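A.B. asks: Based on the hints, put chain B in the right spot on chain A.
These protein sequences, in sequence, are chains A and B. Here the first sequence stands for residues 1 to 114, where the numbers follow our numbering. Here the second sequence stands for residues 1001 to 1116, where the numbers follow our numbering.
Derived from the structure by calculation, the hints contain no laboratory data. For clarity, every value in this text was computed on a predicted model and none was experimentally measured. A virtual CB, placed ideally from N, CA and C, is assigned to each residue, including glycine. Hints should not be assumed to be uniformly reliable.
To be verified - What follows is a set of in silico ranges between Cβ atoms, one per label pair, in the way DEER data are often shown:
id, chain 1, residue 1, chain 2, residue 2, range
1, A, N18, B, S1073, 42 to 50 Å
2, A, T20, B, S1073, 41 to 49 Å
3, B, L1068, A, G40, 23 to 31 Å
4, B, N1070, A, H75, 38 to 46 Å
5, A, P81, B, T1114, 23 to 31 Å
6, B, S1015, A, L58, 20 to 28 Å
7, A, A68, B, S1015, 45 to 53 Å
8, B, S1073, A, E17, 46 to 54 Å
9, B, L1068, A, G52, 39 to 47 Å
10, A, K59, B, S1015, 44 to 52 Å
11, A, S111, B, T1114, 21 to 29 Å
12, B, I1012, A, E17, 19 to 27 Å
13, B, N1051, A, H75, 33 to 41 Å
As the list claims (entries may be wrong) - Computed far set for chain B versus chain A, every beta-carbon distance over 12 Å:
id, residue
14, S1043
15, T1049
16, E1063
17, D1088
18, R1097
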Amino acid sequence: TQLLEQSPQFLSIQEGENLTVYCNSSSVFSSLQWYRQEPGEGPVLLVTVVTGGEVKKLKRLTFQFGDARKDSSLHITAAQPGDTGLYLCAGIVRYGGSQGNLIFGKGTKLSVKP
Amino acid sequence: GAVVSQHPSWVICKSGTSVKIECRSLDFQATTMFWYRQFPKQSLMLMATSNEGSKATYEQGVEKDKFLINHASLTLSTLTVTSAHPEDSSFYICSARRPYAYNEQFFGPGTRLTVL
Chain A
1 TQLLEQSPQF LSIQEGENLT VYCNSSSVFS SLQWYRQEPG EGPVLLVTVV
51 TGGEVKKLKR LTFQFGDARK DSSLHITAAQ PGDTGLYLCA GIVRYGGSQG
101 NLIFGKGTKL SVKP
Chain B
1001 GAVVSQHPSW VICKSGTSVK IECRSLDFQA TTMFWYRQFP KQSLMLMATS
1051 NEGSKATYEQ GVEKDKFLIN HASLTLSTLT VTSAHPEDSS FYICSARRPY
1101 AYNEQFFGPG TRLTVL
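Next comes chain B alone, as it looks inside the complex:
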């Protein structure tokens, strides 16, 4: 199988604090991981592409200083939401691309972030 875990599954924080979300590929090495954001009743919106050992590539309109991404190893990428505000409340989902398999992406279970 291709299992991707995400931690935490939900988090509630105060406005102004920073929150770190971890994404791990458990049974394969992923040189590329992706971070998505999903609003209620909507599809996934790609925020950034995370490459192991290099800087992340952010989609247009996504603030790189707001959403810090680190891809420290072939199995771990982290997303840090800095100085979170209520408008950052959302469902954040990561995925990991399994190499040599038609570029299939396998998704984590998501993290529900609520900023008070």
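Here chain A stands alone, though its shape is the one from the complex:
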């Protein structure tokens, strides 16, 4: 069962464009993390959101946690070729059998062309 739906799976845009990646679930998360992974490397933690409605900014990246803590979004402003990579959302489930484990979305492969 895929608890965390991430969309889109693939995104190819031109440098300077904006984009948004979404993670949705029917489960409530105690926290949600966004990672970026480059080919042949491990994921690197970008941000952790823990409070419903929380918004965090990391330079041109804006992360939002839904009020009900069931969804999150990542918005990139004026994308650059250096933003190219695989973006993964991952949440800690608050209730249920998977409680405590990090549940990953399928990832969004972003390609930013100069």
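C.D. replies: Relative to chain A, chain B alone:
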């Protein structure tokens, strides 16, 4: 920072041999480490949870006798792929959970295993 190292970064072995992969948390103690497997163009698949001083918890479908996990200390977990076969070829990634920090996991750089 929270740095996790993994060794080796890549390994090529013959079918039937065993391969050990090490995962170390360099600047924090991790009572819990995780082992993931990642296929090309796919997300991470959790294989097992490794707890210091106790037996690992394996996910459904993961053979515990095939993938031996040892969490010998608060900074080291090892994954041994026993009697490796070509279908075991994959990218193996470990992570370490930093306590008291919203259960954040920090990942190692991964190990590319190729079984001939």
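A.B. asks: Would you mind marking each hint as holding or not holding in the structure?
C.D. replies: Evaluation of the provided hints:
Our hint of 42 to 50 Å for N18(A) and S1073(B) holds, since their Cβ atoms are close to 46 Å apart. As the Cβ distance of T20(A) to S1073(B) is approximately 42 Å, the hint placing it in 41 to 49 Å holds. Roughly 25 Å separates the CB atoms of L1068(B) and G40(A), a value that falls within the hinted 23 to 31 Å. Distance hint check for N1070(B) and H75(A): the Cβ-Cβ separation is about 42 Å, which falls inside the suggested range of 38 to 46 Å.
Between P81(A) and T1114(B) the C-beta distance comes to about 30 Å, which sits within the given range of 23 to 31 Å. Between S1015(B) and L58(A), the C-beta spacing of about 45 Å breaks the proposed range 20 to 28 Å. Here the CB-CB span from A68(A) to S1015(B) is close to 50 Å, well matched to the stated 45 to 53 Å. Checked against the given bound of 46 to 54 Å, the beta carbons of S1073(B) and E17(A), roughly 47 Å apart, stay inside it.
For the hinted restraint 39 to 47 Å between L1068(B) and G52(A), the CB-CB distance of approximately 41 Å keeps it satisfied. Between K59(A) and S1015(B) the beta carbons are some 47 Å apart, a value that agrees with the proposed interval 44 to 52 Å. At about 26 Å, the beta-carbon gap between S111(A) and T1114(B) stays in the expected band of 21 to 29 Å. A beta carbon spacing of about 41 Å between I1012(B) and E17(A) contradicts the range 19 to 27 Å that was offered as a hint.
In this structure the hint that N1051(B) and H75(A) lie 33 to 41 Å apart at CB holds, the actual value being about 37 Å. Listed as a non-interface residue, S1043(B) fails to keep its Cβ farther than 12 Å from every Cβ of chain A; the least gap is roughly 5 Å. Distance to chain A contradicts T1049(B) as a non-interface residue, since its nearest Cβ pair spans about 7 Å, not more than 12 Å. Residue placement check: E1063(B) keeps its beta carbon more than 12 Å from all beta carbons of chain A (closest about 19 Å).
The Cβ of D1088(B) lies farther than 12 Å from every Cβ of chain A, with a closest approach of about 18 Å, so its non-interface assignment holds. Consistency note on R1097(B): stated as away from chain A, yet its beta-carbon is not over 12 Å from all of that chain's, at 8 Å minimum.
Of the numbered hints given earlier, the model fails hints 6, 12, 14, 15 and 18; all others are met.
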